[in-house]
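Assemble the whole structure, with the sequences as input and the hints as a guide.
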Amino acid sequence: MADVSLRKVVKRYDEVEAVRGIDLDIADHEFVVLVGPSGCGKSTTLRMIAGLEDITDGDIMIGGDVVNDVPPKDRDIAMVFQNYALYPHMTVAENMSFGLRLKHYPKAEIKSRVAEAARMLDITDLIDRKPKQLSGGQRQRVAMGRAIVRNPKVFLFDEPLSNLDAKLRVQMRIEIKKVHQKVRTTTVYVTHDQVEAMTLADRVVVMNKGRIEQIGTPNDLYHNPATRFVAGFIGSPAMNFVPCRLEDVSGQLNLRLTDRLSFPLPGARAARYQKIARAENLLLGIRPEHLTEARPHPEPGVEPFDATLDVTEPMGMETLVYFTLEGAQLCGRVNPGAGARVGAPLRMAVDLNNMHLLNEGTGVVL
Amino acid sequence: MSSMAIDKSGPTRKIKYGSMSRDRTWALRWSYFFLTLFAIFALVPPIYMLITSLKSSAEISAATNPWWVYHPTLSNYIELLTSNQYLRFFWNSALVSVVVVALTMLISIPAAFALSRMKFWGSATLATGVFLTYLIPDSLLFIPLFKMFALFGDYTGIQLINRWYVLLFLYPTLTVPFCTWIMIGYFASIPKELDEAALIDGASWFQTLTRIFIPVALPGLIAATIFAFTVSWAQFLYPLVFTTSTDQLVLPVGITTTLIKGDVFNWGQIMTGALLGAAPPLIIYAFLMDYYIAGLTAGATKG
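Those protein sequence lines, which keep their order, are chains B and P. If you're matching positions, the first sequence starts at 1 in this note's numbering and goes up one per residue. If you're matching positions, the second sequence starts at 367 in this note's numbering and goes up one per residue.
Keep in mind that a hint or two might mislead.
What the hints assert, rightly or not - With a straight-line Cα cutoff of 30 Å, these simulated BS3-like cross-link-like pairs (lysine-lysine) come out: (1) K558(P) with K167(B); (2) K167(B) with K73(B); (3) K178(B) with K132(B); (4) K485(P) with K73(B).
Unchecked claim - Over 12 Å on every C-beta distance to chain B, these chain P residues come out as not near it, computed from the model: (5) W396; (6) Y414; (7) I417; (8) W433; (9) L498; (10) W530; (11) F535; (12) I556; (13) L560; (14) D561; (15) S570; (16) S611; (17) T623; (18) N632.
Just so you know, the hints here were simulated from the structure itself, not pulled from any lab data. From the three backbone atoms N, C-alpha and C, an ideal C-beta is built for every residue, glycine too.
Written as structure tokens, this is what we have:
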């Protein structure tokens, strides 16, 4: 096992710069997820760590050694692909042992390692089957088994759950987490699904347009996003953004959303935003769970307002409500018993203790 | 009420499915009609050959119904199969075809692998070039080729013309480009992740080819093998031009040059010889048919 470091890594395809000088340190045993929209450079980054893509500039280190020019087979890594990439003419056992057989491991050791991995992944009964006789979930297990038996320094996962249906995806997510808790191999996992990223990762790396937007624990990214991109990308339904600006009303710092709608900021927030120019174009970032129905005795910093609902989505344990404010479509989460009806007004409340304030031009969270 | 509703919906559904199956019935009828027509067209010549091969020369030249054998005889078969000359042609053909198939595979498989997987400068142009080579007909090539081998003989003293093994150099000009082309297509249909997985598992390019690509592309390889064998077995122009001594001839040329003496056609033996000559490819097809079809339709259903 080993740590992985990227130093100013650049990947250029002719004119297109897919990865624009990223720095990343992944500690030993850590589970790091690279997440971002398609084309953000996350898969390219993973493939560069694997050695499947040459790097244009910078250094990649595995276990302290620069591996820029080391071929994939000598990097001591294992990779799980989106389409599983199982060898169709080999049985499950042969698929799993292929790497070990190439390295001329003793037969007895190969057998015991395959048996051990099969047991861990609960595929012992499938060991003599060919890939085409397996379901998608089983194939993904075999692909993981093939990675595990080699006992590599680093596991690389390239969107491994994208080909599975929603239910199986949740199940396999738990499997992957369990496997990592058992083997503790350093893991780099690529996905475009922020839920996968949040649930699996020790640390999440959010990428956008070939750059790293933010690195942090899932909670950190959720509660303290650094940019508008991260704030909007992490969390489902996404964070709401409403144009706003700050104003002083008789010594009190207020947040003005519309001509008619203005909220006094709670003390802690007011102190934090005091130095921002009053004329600055800002965005209020607020997560749906902080837009709820108004309650009789609100906490300090929770401000009521009226909204007319455009759409309601009953989810069972909660109802998502959509309404328009200052031309922006907002989403809130209300209690199923709150009486949310399409076209009807609803007294809502915004929890400004959990608000974010962003610079509209730069997208930076203030 | 509810049972009435069910009764009503019943016939509507039936009509819908019925019309679909009527279309299908007609489609089937037409396809059977054309398939039968084609089968008759394709099968009449070999049947006529079989009938003729079972007749004596006297019966063939007699003015009787040519589609019926009145005095069946195996004399043509016995004569040919006990003639050293015919067996020699057979042996030459077999030897040339087997060696050519082996040579073709030895060149085409690595070539196709390199052209489909190792992206190097000019690989796409080269792949197209390989196919264009195939488009040049042998009737255009045989004169320059003859000149080439004649010059080679003059300069080196190694005489290749009128030796059966000169065909080992000639046939691959037909088989290698086509087989390479088929296999480029077949290899291209193998997902890229498969060789990447093999590379990460520690395989070299050569191991990836032998342990992953060849087994996975086996149907394609078999299709290419059958093609190479058929082309070699049936090739007429090159052996006609390049070989003349009877002990150097292959089957198609041997039959026509030795069984037609001047203007005397020994039809019984010609038909027998051709029929026996058609047997090896037929047997190979029969055994490998499923693979052959799978090879030709490769990629068609990949989604």
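Taking the hints in turn, this is what the structure says about them:
1. K558(P) with K167(B): Within the cut-off at roughly 28 Å; holds.
2. K167(B) with K73(B): violated, 34 Å
3. K178(B) with K132(B): holds, 26 Å
4. K485(P) with K73(B): holds, 19 Å
5. W396: holds, 35 Å
6. Y414: holds, 44 Å
7. I417: holds, 46 Å
8. W433: Holds, because the least Cβ-Cβ distance between W433(P) and chain B comes to about 50 Å, which exceeds 12 Å.
9. L498: holds, 28 Å
10. W530: holds, 38 Å
11. F535: The claim holds: F535(P) sits with its nearest Cβ about 35 Å from chain B, beyond 12 Å.
12. I556: violated, 9 Å
13. L560: violated, 5 Å
14. D561: Violated, because the least Cβ-Cβ distance between D561(P) and chain B comes to about 9 Å, which does not exceed 12 Å.
15. S570: violated, 8 Å
16. S611: About 47 Å separates S611(P) from the closest Cβ of chain B, which puts it past 12 Å; holds.
17. T623: Non-interface label on T623(P) holds, nearest chain B Cβ at 47 Å vs cutoff 12 Å.
18. N632: Given that every Cβ of chain B is farther than 12 Å from that of N632(P), nearest at about 51 Å, it holds.
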